[in-house]
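Given two chains presented individually in distinct reference frames, assemble the corresponding complex, making use of the accompanying hints.
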Amino acid sequence: MSQLQISTTVNGDPVEFLCEPDESLMDVLRDRLGLTGTKEGCGSGDCGACSVTVDGRLVCSCLVLGAEAQGRQIGTIEGMAKGEKLHVLQQKFLEHAALQCGICTPGILVAAEALLKENPDPTETEVRYWLAGNLCRCTGYDKIIRAVMDAATEMRGA
Amino acid sequence: MPLDAQHDNHTREFKVVGTRPVRPDGLDKVTGRARYGADMSLPGMIFGEIVRANHAHAKIVKIDTSAAEALSGVHAVVTRADFPAQSDGMVDILDHCMADGEVLYDGHAVAAVAASSKALARKAAALIKVEYEVLPHVTDVDEAAKPGAPLVKQGIESNIVATHEFGHGDVEKGFTEAEVIVERSYTTEATHQGYIEPHACVATLGGDGVADIWCCTQGHFMVRNTCAAIMGMNASQIRVTASEIGGGFGGKTTVYIEPTALALSKKAGRPVKIVMNREDVFRASGPTASSSIDIKIGAKKDGTLVAGQATLRYQGGAWGGSIVDFGAMAAFACYDMPNVKAVGIDVLANRPKLAAYRAPSAPMAAFAVESAVNEMCDELGMDPLDFRLKNCARAGTKSSYGPTYGEIGLEATLEAAKAHPHWSAPLPEGQGRGIACGFWFNFGGQTSSSLNINEDGTVGLSVGTPDIGGSRAAMCQMAAEALGIPYEKVRAIVADTASLGYNDVTDGSRTTFASGLAVINSANQAVERLCERAAQTWDIPAEAVEWKDGAAHPAGANAGNFEPLSLDELAANSGSTGGPISGHCEINADGAGVSFGTHICDAEVDKETGRTTITRYTVIQDAGKAIHPDYVEGQFQGGAVQGIGWALNEEYIYGEDGRLQNAGFLDYRIPVASDLPMIDTQILEIPNPGHPYGVRGVGETPIVPPLAAVAHAITGSCGQRMRAIPMSPPKVLAAIKAAS
Chain A
1 MSQLQISTTV NGDPVEFLCE PDESLMDVLR DRLGLTGTKE GCGSGDCGAC SVTVDGRLVC
61 SCLVLGAEAQ GRQIGTIEGM AKGEKLHVLQ QKFLEHAALQ CGICTPGILV AAEALLKENP
121 DPTETEVRYW LAGNLCRCTG YDKIIRAVMD AATEMRGA
Chain B
1 MPLDAQHDNH TREFKVVGTR PVRPDGLDKV TGRARYGADM SLPGMIFGEI VRANHAHAKI
61 VKIDTSAAEA LSGVHAVVTR ADFPAQSDGM VDILDHCMAD GEVLYDGHAV AAVAASSKAL
121 ARKAAALIKV EYEVLPHVTD VDEAAKPGAP LVKQGIESNI VATHEFGHGD VEKGFTEAEV
181 IVERSYTTEA THQGYIEPHA CVATLGGDGV ADIWCCTQGH FMVRNTCAAI MGMNASQIRV
241 TASEIGGGFG GKTTVYIEPT ALALSKKAGR PVKIVMNRED VFRASGPTAS SSIDIKIGAK
301 KDGTLVAGQA TLRYQGGAWG GSIVDFGAMA AFACYDMPNV KAVGIDVLAN RPKLAAYRAP
361 SAPMAAFAVE SAVNEMCDEL GMDPLDFRLK NCARAGTKSS YGPTYGEIGL EATLEAAKAH
421 PHWSAPLPEG QGRGIACGFW FNFGGQTSSS LNINEDGTVG LSVGTPDIGG SRAAMCQMAA
481 EALGIPYEKV RAIVADTASL GYNDVTDGSR TTFASGLAVI NSANQAVERL CERAAQTWDI
541 PAEAVEWKDG AAHPAGANAG NFEPLSLDEL AANSGSTGGP ISGHCEINAD GAGVSFGTHI
601 CDAEVDKETG RTTITRYTVI QDAGKAIHPD YVEGQFQGGA VQGIGWALNE EYIYGEDGRL
661 QNAGFLDYRI PVASDLPMID TQILEIPNPG HPYGVRGVGE TPIVPPLAAV AHAITGSCGQ
721 RMRAIPMSPP KVLAAIKAAS
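So the sequence lines, in the order shown, correspond to chains A and B. Residue numbers for the first sequence follow my numbering, so the first one is 1 and each next one is one higher. Residue numbers for the second sequence follow my numbering, so the first one is 1 and each next one is one higher.
Honestly, the hints are just simulated from the structure, not real lab data. Just to be clear, a hint being listed does not mean it is correct.
[Said to hold, decoys possible] Pairs of lysine to any residue, SDA-like flavour, derived with a Cα cap of 25 Å:
| no. | chain 1 | residue 1 | chain 2 | residue 2 |
| --- | --- | --- | --- | --- |
| 1 | B | K123 | A | F17 |
| 2 | B | K418 | B | E455 |
| 3 | B | K118 | A | A67 |
Here chain B stands alone, though its shape is the one from the complex (with noise of 0.2 Å):
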């Protein structure tokens, strides 16, 4: 990715950006107006219901309809035969979506039914009648990669399936010159994006041929693509409109039921929705990847990293694409080494396909080195943010996955952290603190915006990318600052697929980034059309009229002597000057600035329990440009409790029958208010030149520090290493008993 100035965005002085004006979508969300994937309803919808198995592995011998068919009420049953045969790339998406004659997880949906209530649907899915043939699973990563474990599918020689190699420099030789060398290994268990709304869809396909869906999903131009190509239809016969979204953290950025329901209206004739419950999402959508990391650093005696070795296994479901390729690149991204070397291996096993959950796979691996980061700064008896602030990646570091950097705010986050009140507060006993930094890279892409100039002055803004935690302010903000008119002027709404050019999904933490560079654009664009209508109403050539402060004027004294014309006025007047003002804008938006973010944590382990209390926690975080700062520290609190919550209690638990056994938030722990402090938050801001205005994506990079940090924290409040994710009350007073 180029990362070479584009935008001189270091002495810009900003009017909208900057502020924080309430969200544009708030009323609707306080008053329970917004409408969400589930909140949709169609005159003659009917009920969709999708018929899981209970095994890890099985070969499906028969699948008897004839008793949920024969009910009175259902509409429509179908499997996997009721799909068009794939020849595509989508065929592992349909199978984890309908099973292909082979059961590879515990959840995997075999067939579905559709009747005229939920009630009924549920009574019919559960007369449908499914005899398999159990065969052997695997659902550990460390077992699916050893030589004869059981094979995760039929067809297939081994359950590794990819191999990922990236760094530079000679490691041998490397650590033949280091003096003192950190070599651990590091588990984490699988986690999910627990995202407080489940899936939801509701899809009509008619005799028409032509389909419209409403649901809940981070990229509804992904769910239009993926569904026509599943179907075996054309985009156009397919509107997807993105619902209100309740929550996603990437775990909406797939399809899990649209292609079902869709297979279920074709053959009803009526429109049908589909909820998943809360069970399905767990045992069926979206978790991470489970990840077992062997570290090996080198260093001088001085502190100076000279080496660092990581091989990294992840296990990402039944169909590959662990994305462990991302934990290589990103595992050494924070330190400016001659010799580095990360091998990602991505092995199979018997649990549902991944989902990308923020800065995918990136806090596993930065769990794994950032603690042996910390153990070497025992060894060295060196403090770990002097350590960090010697080794750290700047501009012009080769960084580990192949770019050089340009200008990046990671040693700034690290003097932050240095002069922060936390990091010199007196430590109360009994508790431990801790420090880890978080590298993610951000993402541009594909991105289409509209915006129009009503004849009264204000503005519609339309984006494509689904709004998640408030984006829809900060284009509204972005937008106004570069019209030069109040943010309260523009509105903007998330178009559906017909209404505008394709956009890829909100991720990669880049909607503010992306959608922000086309949305100003697009306003741009309406500026030069204003300054157009402006010349044409003086009678000057358009490149003598320049426009600020939401006017247009002429451009200097040989432009000619005209009183500002404002867009109110330019507005009113577009009827008769040559009709509608819009602007627009295509990109694949490049220049996505990379991340950087350090952590601090307080924490205290109760001796007796092994329960760990985190009592103090700090986000220090580079933003490039804050648009609407309560939104950027909102992600930094709120990435940094999923990280929380992943340290200390969420995985999945996979009994011997392969069987997921917490499938529920009672038993599936997420962070709940009584767990957690305030999260205290500094945004700096170290402009991305590869946005006019400087922004970097904020999502992601928030969620990788904290599981090293915690782990930290933990040693130095009950003196044990935890290199066991999560470290959960048993696993560390099991520690503690080890060690007395």
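One chain only, chain A, in its complex shape (with noise of 0.2 Å):
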């Protein structure tokens, strides 16, 4: 079967890449793009490591096809600060201490950032409940709950 060329967004930037028609965007991102931000924890969409955004909707990465990316807006981690600016979430996941191996971080801020985005003033519950897809096995959650309502307080305010 032969490579799908795909025309695409990631992160603001126009990308064009070759793909298997069975390809997972996760692997496309990670393995064609060097894009490795984007992690890799259980490849069935049970733990949230890989997710991004396709045209702004939370997904995970590996139950996405990365033919599907064409013509979309795709965002990953490596798009979230803005040059040496990190987003609010960035600074107060580090403020915190909201990560301890790392490896879920990013898909975490990701998935925050599309909560924050949909609603600006989460409950406690709502975080919870909203991050209950991202698997971390390092804080016991703690710090990574107070580090989203720190920058969805601060994010208002602003």
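As structure tokens, then:
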């Protein structure tokens, strides 16, 4: 089966790539585009480490085909900071020590950003349920929840 | 281990230690730049795929690799025949990585292939045909221990491979003195560490016999030495670089794929990358032992514990080494008992080889002992906290595993629990409150570090213990404290195996203790050299120079009247005063202080579904000295939540066919954010005399108390005593229904 030629936009940059018809968006990002900030924890949509946005919608990139990126806007962790200025969520994760090993961090940041776009003033319970698809094995989630709540407060004030 | 006082660290005042700076690797980790095991690529790299058996126990009759080898794009196929014959202690590890004629668990590797793409490698793997002769199997610990049980492998006569005994006094006599005796049996299922990052490596072994490995590991020196032994190479021929590591919890303290990647690379002449998928991580790496434990404890009516006995049966897979001895040693470690005996029985089963998981073997033993203690309190009508305060181990207590304790913090954690608002808070209707204690030995071990004073006054620090949860921040803090300079001036890296002396793996809660000790010693050596340069500049004896606040000062009036020379000035002049200034330390660190914690758990059981919700949770633990309190709290919280997962949901489920039925995060359910409340923490600081700043390891103890604390809370909520872990909804519901 021949490869498909896909034109898409990743973090605002126009991108073209070839991929197999059955190749996941996660593999395309990691293996073809060198965007290894998107992590693979399970390959089955259970852990959320590969979270990205497609036209603003939060998805597990392991459950999306690379070919589906055609004509879409893809957002990954690499696009979250603007130049040297970190996103408020990134800054709050550092301040609150909301990461230990850090492997789930990109996915959680992408997911949290999507949450705050949809709901700028979430309750703790809303944050916990929104992030229930993002597994973290190190932190027990406590500092992650605090960092997201703190970021939401700061972003509302800004 | 020596528990005698070495450092007077009770009165020391700190400037950097105890603060909460941003970790040095933080930016890379929030921007996606940090490179983990699977993130490395090399020119010419090809992809490895491992073929795994779908039988619990089988003889390999024949492996036909011809179709795979004939596929275009396939560069190498290996089986056990491609590894050198083993003559030393690594044979078990290699046997687990690649079966030697006999499959011993579902998921056991039998062959591997390397091809030019991941898809091709998967296709080639499917073309490898293996003919098996299926043999009888056993996966349950109690079944495996029975006489006449199917033998786990050929050539053995029993599945029981070792028995360990610890204790002191006379338990039989002790029980005759007891006025109340509680005798119960408990079981726990096997769990997985559940790190989110699957095992991954890239290995290159060229025609010159020199190898490079990039991998996610808790110990790259261990990877080097293990691979060298397995491949028949010298340590100097293999350089291992530890990538950033996406969780380990003990599960990355051995090798699973690195020898196979080397063998494929050797054959293909190309760098080979292997990344395990999640299913294989569950099937073929790291579970804990499953256990079956009998406990008998006796007390006087006033609550004085007079005797305790435990028989612990652990299965740790098909190779033995279930480390049941740690469980037997830890079982009664929280108690001061005149008569105590713990017997650990190591049982084989057709399961993957056990790997360490955070305080390995202790959570199961503590579940049994702490649950029995809570039952004893009910029998006596005594408050479980007061009972523990009456019987807890203190300085001078002869521990259940041998040594006499020095300064320990168990009583302090119990006093803190008693004073904690959580303990006195009114309990909402329908909820229960549980309490349990936990212990871990902690470890020091072989450690080497190096510290370079750069000419601009900044400091480069090399450590050899992979940073699994923020340890580089703590290393920078300790170096800055010892040198008297700001935290921001120090940068720490995890150096590869060619750049430092040997380091034991990041395990045993040892890193902040032992690597920290090495870092402080390295800094102190650099300070000596800085003082020598100042002495040389001032033309006075080096002994007449003292170091304070980041500068050399004349030590008193007799030394002379000189303006202090700062580290910046001494560093800038180093080229003309004798060359580069650095400090090193190579030690086998002793004096890791033992660790204790007390947890309080509130829980509510839904009586219609059996589902348990944790409503409030508090961790109180002695950290000796918290170098970076955020990451100490993080260890408390993360460990507690892993324990909650073990208590409530996590388990390896094997079918009658001996195959693992839940090898994925959907069916092996680790706690998610919506399952949990905030996890409150209280850090106590009873300095460890074995460390200049008082550090005790903190990472492992937090997983020890939750199993019993949650069980105790469940009893309070629904009235049922759960003696089998996990206390999953069906089991709790069945207990409720059986009682009504």
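Consistency of the hints with the structure:
1. K123(B) / F17(A): 23 Å, holds
2. K418(B) / E455(B): 53 Å, violated
3. K118(B) / A67(A): Roughly 18 Å between the alpha carbons, so the hint for K118(B) and A67(A) holds.
Checked against the numbered hints given earlier, this structure breaks only hint 2.
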